[in-house]
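Novice: Here is how the chains run, residue by residue.
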Amino acid sequence: MISSLTIGHYLVLSGALFVIGMAGFLTRRNLIATLMCIELMLNAANLLFVAYNRFNPHDPAGQVMAVFSIVIAAGEAAVGLAIAVAAVRLLGTVRTDELKEMKG
Amino acid sequence: MKPALVMFYLFAAFSLASALVVVLARSPMRCAIALMCTFLGIAGVYGVLHAQLLAVIQVLVYAGGVTALFGFVIMTMRQGQQVRYPGPFMPVRVLSLLTAGYLVYLVGPVLLEATRVAGQLPAGYGAARLVGRLLFSTYLVPFEAVGILLVMTTVAVISLTTRERRPGKEEGAP
Chain X
1 MISSLTIGHY LVLSGALFVI GMAGFLTRRN LIATLMCIEL MLNAANLLFV AYNRFNPHDP
61 AGQVMAVFSI VIAAGEAAVG LAIAVAAVRL LGTVRTDELK EMKG
Chain F
105 MKPALVMFYL FAAFSLASAL VVVLARSPMR CAIALMCTFL GIAGVYGVLH AQLLAVIQVL
165 VYAGGVTALF GFVIMTMRQG QQVRYPGPFM PVRVLSLLTA GYLVYLVGPV LLEATRVAGQ
225 LPAGYGAARL VGRLLFSTYL VPFEAVGILL VMTTVAVISL TTRERRPGKE EGAP
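Each protein sequence line maps, in turn, to chains X and F. When the first sequence is numbered by my numbering, its final residue is 104 and no position is left out of the sequence of numbers. When the second sequence is numbered by my numbering, its final residue is 278 and no position is left out of the sequence of numbers.
Simulated from the structure, these hints should not be mistaken for laboratory data. Each residue gets a CB set at the ideal place from its N, CA and C atoms; glycine is no exception. Please note that a few of the clues may not be correct.
To be verified - To list a few chain X residues with every Cβ distance to chain F over 10 Å, as calculated:
# : residue
1 : Glu39
2 : Leu40
3 : Leu91
4 : Lys100
5 : Met102
Said to hold, decoys possible - Examples of chain X residues toward chain F, derived with CB under 7 Å:
# : residue
6 : Ile7
7 : Leu17
8 : Ile32
9 : Ala33
Can you make the complete structure from the sequences, with help from the hints?
Specialist: And the structure:
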């Protein structure tokens, strides 16, 4: 049993979160649930920013990057949800296997 | 065990369990609530990492803002019939399990060697003063660029969601 927190703990947590989000992103067929899984993956990346910053604490640039990442993720969620609302209005569905407008 | 370790395991288990609920739950509303729990768990991990400002931002922006946005969008949509779709084919499952196993085989030894322990913290680490000063000095240009990006996002969202009016049918016209 490891008796203190190492960088490996955060790496494992972030990797697990990312993999869960990726699995959901690939398997969910609801556009909104897909967006939620993208948020999970972005959070895993943010966690790594903050964790690595904790192990190099004299330059808090990692936390600043995490702030930027959070802002961009929030904007991405807003645009994605707007696309979902527009899809429901125009095509009547948010199921990704029924949205075939762009299919070649 | 140190208290920080206990807290880390607690928050990590909480966020991983709710992340699984996000992926596995069928009702979108349940997914949104689980997503909020995941964000709160990650905020707790930020607290363990002594990044207080980011923990607060995480609770405000993610657990508050983004989840509320998801909730509102889900509520405005008709809850359609919950159709059960068939799962992935058997070869796909076997292939994905093999790929995941290979990834663990590749990454696992590296993770076991990553045993760097955090050192002493400088005074004021993670506080709003330090991060804010950096945001407004070294990272001022990216900060303003993010502001422009947010304005563009707002315009994009408005133009995506407003209904188009047919030409010739002006409002108030007879």
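Novice: Give me the numbers of the hints this structure contradicts, sorted from smallest to largest.
Specialist: 1, 2
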